[in-house]
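Residue numbers (our numbering), protein chains in the order written: chain P, 1 to 315; chain R, 1 to 309.
Quick caveat, the hints were computed from the structure, so don't treat them as lab data. Some hints here could point you the wrong way.
[What the hints assert, rightly or not] Partial list, computed: chain P residues near chain R (C-beta under 10 Å):
(1) Thr17
(2) Arg54
(3) Thr91
(4) Leu94
(5) Leu95
(6) Leu96
(7) Val97
(8) Ser104
(9) Thr107
(10) Arg140
(11) Gly186
Even glycine gets a Cβ: it sits at the ideal position worked out from N, Cα and C.
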Amino acid sequence: MIINPVLNKELRDRVRTWRSPLLITIYILVLAGIGGFVFYTQTRYNYGGTQALRLGLTIFGFLSAAQLILIAFLTPGMTASIISGERERQTWPLLLVTRLSPLSIATGKLLSAISYIVLLVLVSLPVYSTVFLFGVVSMRDLLLVVLISLVTTVTIASIGLFCSALFKRTITAIVISYLLTFFLLGGTLILAVLIQNLNMEKQARLNQTFQPSTPFIVNFNPFVALGSALPLGIDIVPFSRTLNVQVMSSSMTVSSQGVVRQGVVNQTVPVSPKPVVPRPVWQVNLMLDAIIVLVSLGLTVWLIRPLRAGNKKGG
Amino acid sequence: MIKVEGLQKTYGKMEALKGVSFEIKQGSIFGFVGPNGAGKTTTLKILATLMVPTKGKAYIDGVDVTKHPKKVRRLMGYMPDFFGVYERIKVTEYLDFYASCYGISGGKRKSIIADLLELTDLTYKADAYVDSLSRGMKQRLCLARSLVHDPKVLLLDEPASGLDPRARVEMRELLRELKNMGKSIIISSHILPELAELCTEVGIIEGGELIAVGSMEEITVQLNQEKLLQVKVKEKVTEAKAMIEESPWVAAVNETADGVLQVRFSGNGEEQQKLLRTLVLAELPVLSFAETSNSLEDLFMQITKGVGR
Numbered sequence: 001m002i003i004n005p006v007l008n009k010e011l012r013d014r015v016r017t018w019r020s021p022l023l024i025t026i027y028i029l030v031l032a033g034i035g036g037f038v039f040y041t042q043t044r045y046n047y048g049g050t051q052a053l054r055l056g057l058t059i060f061g062f063l064s065a066a067q068l069i070l071i072a073f074l075t076p077g078m079t080a081s082i083i084s085g086e087r088e089r090q091t092w093p094l095l096l097v098t099r100l101s102p103l104s105i106a107t108g109k110l111l112s113a114i115s116y117i118v119l120l121v122l123v124s125l126p127v128y129s130t131v132f133l134f135g136v137v138s139m140r141d142l143l144l145v146v147l148i149s150l151v152t153t154v155t156i157a158s159i160g161l162f163c164s165a166l167f168k169r170t171i172t173a174i175v176i177s178y179l180l181t182f183f184l185l186g187g188t189l190i191l192a193v194l195i196q197n198l199n200m201e202k203q204a205r206l207n208q209t210f211q212p213s214t215p216f217i218v219n220f221n222p223f224v225a226l227g228s229a230l231p232l233g234i235d236i237v238p239f240s241r242t243l244n245v246q247v248m249s250s251s252m253t254v255s256s257q258g259v260v261r262q263g264v265v266n267q268t269v270p271v272s273p274k275p276v277v278p279r280p281v282w283q284v285n286l287m288l289d290a291i292i293v294l295v296s297l298g299l300t301v302w303l304i305r306p307l308r309a310g311n312k313k314g315g
Numbered sequence: 001m002i003k004v005e006g007l008q009k010t011y012g013k014m015e016a017l018k019g020v021s022f023e024i025k026q027g028s029i030f031g032f033v034g035p036n037g038a039g040k041t042t043t044l045k046i047l048a049t050l051m052v053p054t055k056g057k058a059y060i061d062g063v064d065v066t067k068h069p070k071k072v073r074r075l076m077g078y079m080p081d082f083f084g085v086y087e088r089i090k091v092t093e094y095l096d097f098y099a100s101c102y103g104i105s106g107g108k109r110k111s112i113i114a115d116l117l118e119l120t121d122l123t124y125k126a127d128a129y130v131d132s133l134s135r136g137m138k139q140r141l142c143l144a145r146s147l148v149h150d151p152k153v154l155l156l157d158e159p160a161s162g163l164d165p166r167a168r169v170e171m172r173e174l175l176r177e178l179k180n181m182g183k184s185i186i187i188s189s190h191i192l193p194e195l196a197e198l199c200t201e202v203g204i205i206e207g208g209e210l211i212a213v214g215s216m217e218e219i220t221v222q223l224n225q226e227k228l229l230q231v232k233v234k235e236k237v238t239e240a241k242a243m244i245e246e247s248p249w250v251a252a253v254n255e256t257a258d259g260v261l262q263v264r265f266s267g268n269g270e271e272q273q274k275l276l277r278t279l280v281l282a283e284l285p286v287l288s289f290a291e292t293s294n295s296l297e298d299l300f301m302q303i304t305k306g307v308g309r
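Bound-form chain P, shown alone (with noise of 0.2 Å):
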């Protein structure tokens, strides 16, 4: 099999520099620190009990969210430079004018930077097996977790390569890509909030019964989508309870609540009439996922044509 050219020369790059293996060692030392601060924190007086059977979970619980918010801080920087920099550093034209296509240059690059935040996650299971000494956490958690990361590192990844593709300045790029990325988790949050206050407020002024509702944004939002996979997501995340059920009532089809965990937390939100499928929020975040990773690539590579009408003057 003949690896991708840019993929190959990028991942030779990245690790080449020192900066490589001090980034790794930052990256385990704070999440180390965090496990660690959490574990003092929940032991600090007293320790037995529920409390030592939860402490696991919680520990869990904040790695996996100390995770998700470090590949937030990372991978808009990995990426949005990596093509407005070959234009900087005037490599640009000598790609285009090569055999591969603007889908393999596109790809090859998108795969070095989600590669070494791979390498992050993967380096960091050490630090996350710790938490199997406490027992509760199951190995479907933990993968789940790595899966829910990883995921949210390719949508991050693919966002900042759009960016990086549609602004010719570095600099702008990754100020575009890091502002989409925190609107992600926590502007949809913010909206989600907003929308869901302006419903009941609605509702009340309407006299109507309260029903409550989520607003479908949660779904974007990676934070919400971890927080539905772990066993205590909810101590952790809000919206995180959020079943999407699709109700089918005459012609509509609208959202509603319903369990998260069995067993873990013990509330029933009944939902009527005859729900089908209900997925957690970590399912459809996955699929919308899946869409912004597509459409980012699809526009970046139309961006990245050579021979796209309109390009830029020559001499």
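Once you've looked at the hints, dock chain R against the given chain P.
Below, chain R alone, put in the same frame as chain P:
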């Protein structure tokens, strides 16, 4: 090998190219001369499949550059006027990367890279980091890069700009070597003496219009320019001068202080030969009979109007 037909490129209201047409035969070096902003780079970018013309066609080895860019990329090597290099990459890795981008298999790449390093005299720098090379070395490396897939055509945009005299001579020798290998080369430059020595044909472009194309001689004739002949006779200078003045192709004859006759001659090579024969048959002791051609710089200054200055 290269054919350009009525190439036009507009950016909004600005016309960068106004119907440029020319043709280049295989194995020739075509000098593309013009002031900054004349349209040289735009023409080369269109040929390099990096830009779409607003109107007109361009072909490399009979392949339309806008319809079949992938095929064209296999046929041509392109060296832009400004280019950068990657950091933290060695000379061999740099060439290996581009060779793999052209789909050349690993086994072949090694021998190609060795040959190219030898050709460009960079073998001793094979393990050096690219960003540590001098400007001249980087230019040669970029030329080597454009040759990794053994293209038939080379498009070189200002290949000698910013080079010191030695590096310029080395680059010129390298281009001669490539011409001998049968490559067709287009070189855009505004360093005119360099092109005059190297090129088999020249195209002069200004304000997006190609105002003269052909060999230096042809351009001179196109412009109805007179050649300057220098005739030196051992004795009988007055007789020689009178005989030369009788030729219908001679506009004027001046005698210099050291007895050399400077002849303003408007005929072609055959008529020039006839004049020499006349002098020899008249048993005049001709020591030398030589043409002092117009320099490319002279022609360029006469043809161009300094548009945009």
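Evaluated hints:
1. Thr17: 7 Å, holds
2. Arg54: Not OK, violated: Arg54(P) not within 10 Å of chain R, min 47 Å.
3. Thr91: Holds. Min distance 5 Å.
4. Leu94: 6 Å, holds
5. Leu95: 7 Å, holds
6. Leu96: 6 Å, holds
7. Val97: 5 Å, holds
8. Ser104: 9 Å, holds
9. Thr107: Where the cut-off is 10 Å and the nearest Cβ of chain R is about 14 Å from Thr107(P), the hint is violated.
10. Arg140: 41 Å, violated
11. Gly186: Violated. Min distance 35 Å.
When the structure is compared with the earlier hints, violations turn up for hints 2, 9, 10 and 11 and for no others.
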